[in-house]
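**Q** So the chains spell out like this:
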Amino acid sequence: MSIRNTSSVDGVRLALLTSRLQSVARAMMNTLARTGRSGILNTARDFSCCIVTARGELLAMAESLPIHVMSGPDLMAQAMLEFHPEVAKGDAFLHNSPYHGNSHAADHTLLVPVVDGGEHRYTLMVKAHQADCGNAAPTTYSADATDVYAEGALIFPCVQIQRDYEDVADIVRMCRMRIRVPDQWWGDYLAMLGAARIGERMMFELGEEIGWDVLDEYRREWFDYSERCMIEAISRLPAESVTYETCHDPFPGIPDGVTIKVVVDVDPIEKRIRVDLRHNDDCQPSGLNLTESTARTAAMIGVFNSLGPGVPPNAGSFRRLEVLLRDNCIVGRPTHPYSCSVSTTNLADRLTNAVQGAFASIGDGYGMAETGAAMPPAWGVISGRDPRHGHRAYINQIFLPSVTGGAGGPVTDGWLTIGHVGNAGMMLRDSVEIDEMHHPIRIERQHILPDTEGAGRRRGAPAALVEYGPTHAAMDVMYGSDGAVHAAKGVRGGGAGATSAQFLRRADGELVELPPVARVTLQVGETIVSHSTGGGGYGHPRDREPDLVLHDVMDGLVTSGRARTVYGLDTALPTKNP
Amino acid sequence: MMRIATDMGGTFTDLIVERGDSGVRLYKSPTTPNEPLVGVFNAIQLAADDFGQTMSELLAGTDTFVHGTTRSLNAVVTGQTARTALLTTEGHPDILLFREGGRGAPFDFTRSYPRPWVPRDRTFEVPGRIAADGSEVRPLDEEAVKTIVERLREGEIEAVAVCLLWSVVNPAHEARVGELLAELAPGLPVTLSHEINPIVREYRRACSTVLDASLKPLMGAYLRALQGSLESRGFRGRLLINTSAGGVQDALDVAAAPIHTINSGPAMAPVAGRYYAGRDAGNAVAIVADTGGTTYDVSVVRDGRIPVTQEAWIGERHAGQLTGFPGVDIRSVGAGGGSIAWVDAGGMLRVGPQSAGSEPGPVCYSRGGTEPTVTDACLALGYLDGDYFLGGRMKLDVEGARRAVTRISGALGLTVEEAAAAILELATEHMVGAIEEITLNQGISAQDAVLVGGGGAAGFNAVAIARRLGCDTVVVPALGAVLSAAGALMSDLSAEWARTLRTSTDDFTYDDVNAVLAELQGECAAFADGPGANAISTTVELVAEARYPSQVWELEVPLRVATFAERADVEQLRSDFHRVHREIFAIDDSRSPVEIVGWRARVRCRMHDRGLLPDASGSADRALAHRPVYLRALGAVDVPVVPLALLSTTDPVPGPLIVESPVTTIVVNPGASAVRTATGSVLVRLDKSVPSPTRARR
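Residue numbers (this note's numbering), protein chains in the order written: chain L, 1 to 578; chain P, 1001 to 1698.
In short, the hints are calculated from the structure, not lab data. All of these numbers come straight from a predicted model, not from anything done at the bench. We put the beta carbon where it would ideally sit given N, CA and C, even for glycine. A hint or two may mislead.
[As the list claims (entries may be wrong)] Label-pair ranges, simulated between beta-carbon atoms:
hint, chain 1, residue 1, chain 2, residue 2, range
1, L, Arg173, P, Ala1144, 54 to 62 Å
2, L, Glu119, P, Lys1395, 33 to 41 Å
3, L, Leu511, P, Arg1138, 55 to 63 Å
4, P, Arg1083, L, Arg201, 46 to 54 Å
5, L, Asp164, P, Arg1627, 53 to 61 Å
6, P, Arg1111, L, Thr243, 29 to 37 Å
[To be verified] If we take Cβ atoms under 10 Å as the criterion, some of the chain P residues that face chain L in the derived model are:
hint, residue
7, Arg1099
8, Arg1111
9, Gln1521
So here's chain L without its partners, still in its complex pose (with noise of 0.2 Å):
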């Protein structure tokens, strides 16, 4: 059904603008993504670009993270202006603050303004994780950090690094004393500025050539247009409030681990929906620690998981969706200096799933099961010095096929390359020989786990296995894994998801197994062994299709003996091997 526009919506204006806007933030990415230096920007795509509004609402988003853009840009555009009232054509704004908006300090944020004859009419942002960020240890993970003191890193509360399209040379200066491998930084901080100015100069054209009053025109009328989608998204839903727990496992600072509670309010006839984080932990002496930013999107983005596609996100279907925070919560407003250090990830996903898991309990059809937990060794930041290259030091996150298990849904199994729920599996992995070309390792082993999928009419995408070690010199390992205890739920009658192990593996082959939260310096000869985690599954197993546990078990996801116990396959299996 179509709802006939009475309004005096102009739906070709509409249209062909947000076609326009879209390809600016496209064209942001794909010069970041194609000069950045670090692997981290240039093979896994971990950054995003966005358009905000002068008043920092969120306008487009194009191909970003979610977990990077849903929140953040908004708060961080508002930052610029309580500092810097007066911004000018030529600015550049570097962010990296957890209390100012920003999501965790590895994400360096440049915010440029588009001023035009003198007014501020747009602010681009381009977010980007760094390969390091100057923290206390070589990762820009510091899950163990006590406060923002231990952690270390550099902290940008949105200081001024561009003046009249000069660089600040004084902030240049810090960042390349603090950060290591500072020509690294040098040369991602000249793609994202690159990024952030081919943005600028397309914006110039665009308010030359249609007008800014039009563009502002156009920009009621889409947020009003997004806001109209999600009503209608909100109105397919049934009346209820649903209380859902989830638990991260026990980490550093944190003994006990954690329990997220979140409360989620269908409202189909007011067309509101309303996330409840406020009944959650204090901050914690720990680099979990949620942002504001962070805090607000994770629950977002749950929640945009269960409405399915075709609700622009931006400013106009944000005014139907209400996060709740409160201060110094471990999921809401951070108090400094507690430290944020990890907010993009552990916490965060936990809390999507807490909310896409509320959902589900809704009905069958709505919703997604939980997600597997991240960040397994896989996705280590690794560092040391390479013998080949006249020892230069190196510093940088591997994504290598962690493949934490994707969630099922109502339509569809878990996605495999989801990498973890708050990036979409929009990221890119690795090459292994790309990765072994670049530093001192031999990539000895990847590939799925059999039977680590949450079963289910809709099953969660299974786990893998990593194996990797230095090859010329001792190298230092980092990582932070979430699920060895707590695995993904399923829902509706689905099944768990495998939990995450790592392991060292001795030169003399012994397997010695490696606490989920570490630092480890492995020697040549040595490996490092990762499981990651499975999805959970979605509806019961003995639903699924018999065609489809046949393809599962073709594919090396599903053994036939699990094909048979669990699903329930009665069909013959195919005997001639292969």
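For this one, chain L is given, so just place chain P on it according to the hints.
**A** Chain P only, in chain L's frame:
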């Protein structure tokens, strides 16, 4: 003697015949997907009839037959390829399953994760490991390979792909596996990754390898059947096949490496586009667009070169199948004549991605279509003459088209004409989006380029697209409706070789590099002396695949020397790289050294030296007329309709007007003027002072 080119598309098989100096004639016959050769020979019969000859007479008088086929692409899309096995390095059996990551839309969980091209139960792990520097970590276990070959035979495997880690640096293991396969399973088609696509990145290389292997039985049979059928009908000339590199190769060479045919059709368009941009507009920078029924394909020409990419997809990005194989960089967007217009729940106009395709096609084709399409919009606007489509051979239902468009006009509160104009304008915007993506990635400024419009439907909005891009010249070639076939007749016999050898400008390994370059040139020379023996001219291009340290996406930099003799040669390469990086990305890091990862050589053998001219006998079968049309800037107006043959070759005719021929219609908007060139193209110049269409919305 004659030369013939055929291009098999999804809907039509195009055929063009070039007869000495007397010009070119073109024919279209429906594609017959189930028996593809039938459609080809139907098209040949059309040509023979037109020349008053039998098919045998026509073929006997033909010295070159160039064929472009979608046979391989269709086989991949429909999954009708050979039962293929993959042999991969032990420990890495899921390369194809893991893909490269990436997903289309973050909140859309209605689309399933794609299954691997070769499932795990036909994937075999080969013990043995080569390191990144080419050294052997663990020896190849030949006994294990023999056991695998046994299992391949038991498993009724029809083709084998071998892709081992680092075979591009040291192919010893992979080559030995190839030998064992040849020995123990003679006749089984095999593709080795370091031979078919020697690039770093195991997933992309594996994709190329499995695609190639899985196509070998089918394409071998198809190409042999084509050659046999042609010869049995009197053809004694040379059969050449289009490749994705925008060149041609001998049919038997292509049968041995059929991946070359994937995406080969669209790859020929820029070859023709480059010619017309140069000849008609004197420009070496071009945007070449080919409008089809369901897709709009865009490629570019930069400084006379056609850029290539390894990121070609079959189907949608992230959801389809990556080929990993270097080919002409083409962006496709689902916007064509058949794209369906609709109004979504929020009241926004949409065009596509659904398409009425060729069946049922637009409403105006009267074949059962009910949803308004872009073609219906053009008919409702008066741009198309319902009685003169394909020269009057097909009647279009104007009333049906208008009725369909009322679905849109009703929902948006517009008149039928306003709604039709909006549909075309939104389709135009989608096309512009595709153009902007490729021009941005290839560092081309649209303002400096000429837009070459190919495909029968190109002319409806080619001028509007140019206006949006700020591009002041449009060329619609007389052969634009068969641009790929035209490109095929113009293209050169070409081949390409590559080596992986990493070095850096601050620690340049002269001897190793020079040895690799010598090898590459040797291969080019052998090709030039073999298939290219009778060439009019031969060129060899050497390029470095280079990047800044720790970047992972390389840029191609043409080499100025064939041997690096001294430091100055290396410095030249370094500064060339900075320049290319700056051109494409607007930034460079001029103090940085440059790393070179790969070296590539392309040989092109020019087999003919004629430009393609349309048949001189073509004359106007209609007189100058007027027709009411709807233009957004002017509303309903009567505009002159000028038959192509009557368009002035000297005095530009100012818009608004329509230039029409049996195969194409060109809308020349106000603020532009049209003239016919010596090649028969319509050349449109845009007046830059006229504002863009989007601005006019104010």
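**Q** So, for every hint listed, does it hold in this structure?
**A** We went through each hint and held it up to the structure:
no., hint, result
1, Arg173/L to Ala1144/P: 54 to 62 Å, "holds, 57 Å"
2, Glu119/L to Lys1395/P: 33 to 41 Å, "violated, 56 Å"
3, Leu511/L to Arg1138/P: 55 to 63 Å, "violated, 20 Å"
4, Arg1083/P to Arg201/L: 46 to 54 Å, "holds, 52 Å"
5, Asp164/L to Arg1627/P: 53 to 61 Å, "holds, 55 Å"
6, Arg1111/P to Thr243/L: 29 to 37 Å, "holds, 31 Å"
7, Arg1099, "holds, 7 Å"
8, Arg1111, "holds, 7 Å"
9, Gln1521, "violated, 26 Å"
Hint check: violations occur at hints 2, 3, 9; the rest are consistent with the structure.
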